[in-house]
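Colleague: Given the sequences, and given the hints that come with them, work out the whole structure.
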Amino acid sequence: MGRRASRRASTTAADGERRHRAGDIYPLIILAVLAAAGVVEIGWVADYRMPLMWSLAAFLALGAVMNFVSRSPRERILGLVALAIAVCCAVIATGV
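Just so we're aligned: 1330 in the numbering used here is position 43 of the sequence shown, and the numbers increase by one with no gaps anywhere.
Among the clues, some could well be false.
[Said to hold, decoys possible] Label-pair restraints from in silico Cβ distances:
no.: 1; residue 1: 1358; residue 2: 1317; range: 21 to 29 Å
no.: 2; residue 1: 1360; residue 2: 1312; range: 17 to 25 Å
no.: 3; residue 1: 1382; residue 2: 1329; range: 14 to 22 Å
no.: 4; residue 1: 1333; residue 2: 1357; range: 18 to 26 Å
no.: 5; residue 1: 1318; residue 2: 1345; range: 17 to 25 Å
no.: 6; residue 1: 1358; residue 2: 1330; range: 41 to 49 Å
Hint data in this document are derived by calculation from the structure and do not stem from the laboratory.
Built from N, CA and C at the ideal position, the CB exists for glycine as well.
Modeller: This is the structure:
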């Protein structure tokens, strides 16, 4: 177990690193969603609103599925966050 465990530990990211990366990207995505909805003014988002929202919806829905099949409870919570943002993106993209 010693060599196998140390090899596996060295090739995977620590939980803190994974959480830090997710914590960095979600606020940027939420800012793009707010800009597409017209709540916040960001110039380039208005030009690419529809493709950006559909792309984010698909990307986040796939990420949510991947998080839901994970064994980690923290990633399952992030799956709910990703799914909620994906639904918001799809609603904005359809113009409802």
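Colleague: Does each hint fit the structure? Answer for all of them.
Modeller: We went through each hint and held it up to the structure:
Evaluation of the 21 to 29 Å hint for residue 1358 and residue 1317 yields a pass: the beta carbon distance comes to about 27 Å. Judged by the Cβ atoms, the range 17 to 25 Å given for residue 1360 and residue 1312 holds: they are separated by roughly 20 Å. In this structure the supplied range 14 to 22 Å holds for residue 1382 paired with residue 1329, their Cβ-Cβ distance being about 19 Å. With their beta carbons about 35 Å apart, residue 1333 and residue 1357 fall outside the hinted range of 18 to 26 Å.
For residue 1318 and residue 1345, the Cβ-Cβ distance of about 19 Å falls inside the hinted range of 17 to 25 Å, so the restraint holds. The supplied range of 41 to 49 Å is met by residue 1358 and residue 1330, whose beta-carbon atoms lie about 42 Å from each other.
Hint compliance for this structure: hint 4 is the single one not met.
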